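S.K.: In order, the protein sequence lines correspond to chains A and B.
Oh and the first sequence: position 188 is 188 in full-length UniProt numbering, straight run, nothing missing.
Oh and the second sequence: position 191 is 191 in full-length UniProt numbering, straight run, nothing missing.
The set of hints was computed from the structure by calculation and includes no laboratory data.
Small disclaimer: the values here were computed from a predicted structure and weren't measured.
No residue lacks a Cβ here, since even glycine has one placed at the ideal position from N, Cα and C.
Do not take every clue at face value.
[Stated by the list, open to error] Result set (DSBU-like, lysine-lysine): computed pairs, CA atoms no more than 30 Å apart in a straight line:
(1) LYS139(A) - LYS80(B)
(2) LYS244(A) - LYS213(B)
(3) LYS80(B) - LYS211(A)
(4) LYS180(A) - LYS244(B)
(5) LYS139(B) - LYS80(A)
(6) LYS244(B) - LYS80(A)
(7) LYS215(B) - LYS213(A)
(8) LYS139(B) - LYS180(A)
(9) LYS2(A) - LYS68(A)
(10) LYS80(A) - LYS213(B)
(11) LYS180(B) - LYS80(A)
(12) LYS213(B) - LYS180(A)
[Stated by the list, open to error] Not everything, but these chain A residues come out facing chain B in the computed CB check (under 7 Å):
(13) GLN9
(14) TYR10
(15) GLY62
(16) VAL93
(17) GLU96
(18) ASP99
(19) TYR122
(20) PRO123
(21) VAL125
(22) ARG128
(23) LEU140
2 protein chains.
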Amino acid sequence: MKCLKMILQYDGTNYNGWQIQTGQAKSRTIQGTIQEALYKLTGEKIKVTAAGRTDAGVHARGQVINFKTESTIPVSRFPKALNSCLPPDIVAVAAEQVDEQFHARYSAKRKLYRYTIDVSPYPDVFRRRYAYHVPYSLKLSRMEEAASYIEGNHDFRSFCAAGSSAKNFVRTVEMCRVSKRDNIIEIDVMANGFLYHMARIIVGTLLEVGKGKIKPEDVKRIIAAKNRDAAGPTAPSHGLCLEKVEY
Amino acid sequence: MKCLKMILQYDGTNYNGWQIQTGQAKSRTIQGTIQEALYKLTGEKIKVTAAGRTDAGVHARGQVINFKTESTIPVSRFPKALNSCLPPDIVAVAAEQVDEQFHARYSAKRKLYRYTIDVSPYPDVFRRRYAYHVPYSLKLSRMEEAASYIEGNHDFRSFCAAGSSAKNFVRTVEMCRVSKRDNIIEIDVMANGFLYHMARIIVGTLLEVGKGKIKPEDVKRIIAAKNRDAAGPTAPSHGLCLEKVEY
C-alpha cells in the first residue's frame, strides 16, 4: 500500500466544486470525477482528500490531494496514467510518495489563492471563464492600501460566510497584494488557512474600496466588527484560483 | 443607411467556423450567430462580411467585419448593444462608420495570425482550448531558421489545402516568426493574404522541423515543389487565432 500526494490543475467551470455532495448524487464534482478516474485506472474504490475544498466554479493550478492505493503503477508515471482516465479540464501534473501521516489539508502550512479581474471595457473572451469582468475604473492605490490592512493575524469572522463549521475564526494572512498589468488586476491572498468564502469576501470588499464606495481604512473597522454584514459582497467564484499549497 | 466596420473577438471552440454553411442549416457558425444578434438588435436581415473566413475551432482577437444597417443606434454604442444580443464567446470590441467602398476582406492590406503551442509536459488546462499541446522538446533555433524561408513573395501552392478556389497561389509573407516564453511557443505569420489552411500547414511544417523530422533548408524545397504533399501536416485548428487585420 502506497500513500500518494498529487498536484492537480483544473478548470472548475463545469463542476459543482471539489466535494462530493451527499444527497445530490448526480452533481458533478472534482472529487467525484477523480475518484471515478482512479477506479477506472486501479479498480480500487479510493477516497481522495484535497488541500482546499474549492467552491463551484473555482479553479486550481496547484491543488494538492492525497490518497492510498495498492496500485503497482510507478509513481512517476501515475499522473500520465490518471490523465488518460480524466476529462481534459482536470490534469494531474505531479505525484510523489509520502508517509502515512501526510494529510493534504491538515499538513498544509499555507495556501495561495489568486483572484483575477478583467477591467477591459469589453470582456476578454479568452479570459471570460477565469476572470471577473469589472468594466469600471478601479482605484488601484486605494485597493493596495486596503489589502495591507487584511494582512496579519486577525479574527476574520467578518469574512466568513454563513454555513461554515469553523469554531475558531483567527487566521494569519501572510500576504494580500493587488497588482495590475494591462487590463488585468490580480489579487493574491496567502494565508495559513481560509474560512468559508474568505478569499472571495476579501476580494468583494477590496472591490468596494476600488469603486470608491468605502475607504481603505474601513477595512480595519470591518475586521473589528466580527460580523459578515460589515464586509463587502462575495466576489463571483469564476475569478478565483487555488495557485499553490505549501507544506 | 450606414456602413459599419466592427472588430470582434471570439472563442471558436463551439462554432463550425465563420461562414454560414448552405445545406448544413443547423450548424452553428460565427457569421450566423452575429447575423441573428443583428436581427434581434435592429429587426433587419443583415449580411456581414469578414476579413478572414476562419475555420471550425479557430479563434479571433481582431476579426474585422463590415455590414450595412438602417439602425439609429449611435456607432459608439453599437458594440455594447450588440454584445447584449450575443453569447459570451463572441464579443464586439469596436465599431466605426466607413464609406460604402470598404470591404473587410478585399480592402485588407495584411492579416496577422498567431499559432500557440503548449510544450508543457502536461497540458495547461487554462490554455487547452487555445493552444496545441506538443509535449516534445522542439528545436527552437531550427524552427526560427525554417520560418525565415517562409518569409517573402512565393507561390504557396504547397501550403494550400485541397478544396481551395484560389487561382493565384502567390502571396507575400511579410513576417513569420517563432518565439518562446516559459512553456509557450508562438508562431506569428503576417501576410497580404492566406490560402486555404495556409497558416496551419506552415505551422505543421515548422513542427516537423522542430521535431527533427526535416531540416530547416527543406522548407525551400517544399515551397519549390508547389505540391501540398511536400509540406507537413495541417496543425489542429484550436491553436490558431486571427490577431489583427490592417487596412
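S.K.: A separate judgement is required for each hint: does it hold in the structure or not?
M.R.: Each hint, compared with the structure:
A threshold of 30 Å between alpha carbons decides the hint, and for LYS139(A) with LYS80(B) the separation of about 24 Å falls inside it, so the pair holds. A distance of roughly 38 Å separates the Cα atoms of LYS244(A) and LYS213(B); the hinted pair therefore is violated under the 30 Å criterion. As the CA atoms of LYS80(B) and LYS211(A) are separated by approximately 21 Å, the hinted pair is consistent with the 30 Å bound. Proximity of LYS180(A) to LYS244(B) is assessed by CA-CA distance (about 24 Å); at most 30 Å being required, the pair is judged to hold.
Of the pairs offered as hints, the one joining LYS139(B) and LYS80(A) holds, with about 24 Å between alpha carbons and a cut-off of 30 Å not exceeded. Pair hint LYS244(B) plus LYS80(A) does not hold up; C-alpha atoms about 37 Å apart against a cutoff of 30 Å. Between LYS215(B) and LYS213(A), the direct Cα distance comes to roughly 62 Å. Violation of the 30 Å bound is thereby established for this hinted pair. A C-alpha spacing of about 34 Å is found between LYS139(B) and LYS180(A), which places the hinted pair above 30 Å, so the restraint is violated.
Under the criterion of a C-alpha separation no larger than 30 Å, the hint pairing LYS2(A) with LYS68(A) is consistent with the structure, at around 6 Å. This hinted pair checks out: LYS80(A) and LYS213(B) have alpha carbons roughly 25 Å apart, not beyond 30 Å. A distance of roughly 25 Å separates the Cα atoms of LYS180(B) and LYS80(A); the hinted pair therefore holds under the 30 Å criterion. Restraint check: the Cα-Cα separation between LYS213(B) and LYS180(A) comes to about 43 Å, which exceeds 30 Å; the hinted pair is violated.
This hint holds: GLN9(A) has a C-beta 5 Å from the nearest C-beta of chain B, less than the 7 Å allowed. A cut of 7 Å between beta carbons decides the hint on TYR10(A): the least distance to chain B is about 6 Å, and the hint holds. A hinted interface residue such as GLY62(A) counts as satisfied when its beta carbon comes closer than 7 Å to some beta carbon of chain B; here the least separation is about 12 Å, so the hint is violated. The restraint placing VAL93(A) at the interface with chain B holds, with a minimum CB-CB distance near 5 Å, inside the 7 Å limit.
The interface hint given for GLU96(A) is broken, as the beta carbon of that residue sits about 15 Å from the closest beta carbon of chain B, more than 7 Å. Taking 7 Å as the C-beta contact cut-off toward chain B, the hint placing ASP99(A) at the interface is violated, the least distance being around 25 Å. With a cut of 7 Å, the hint placing TYR122(A) at the interface with chain B holds, because the nearest CB-to-CB distance is about 5 Å. Because the smallest distance between the Cβ of PRO123(A) and any Cβ of chain B comes to about 6 Å, under 7 Å, the interface hint for this residue holds.
Given the 7 Å rule on beta carbons, the hint for VAL125(A) holds: about 5 Å separates it from the nearest Cβ of chain B. Annotation: ARG128(A) was flagged as interfacial toward chain B, and the flag holds, the nearest CB pair being 6 Å apart, inside 7 Å. Hint on LEU140(A) is violated. Least Cβ distance to chain B is approximately 23 Å, over the 7 Å limit.
Of the numbered hints given earlier, the model fails hints 2, 6, 7, 8, 12, 15, 17, 18 and 23; all others are met.
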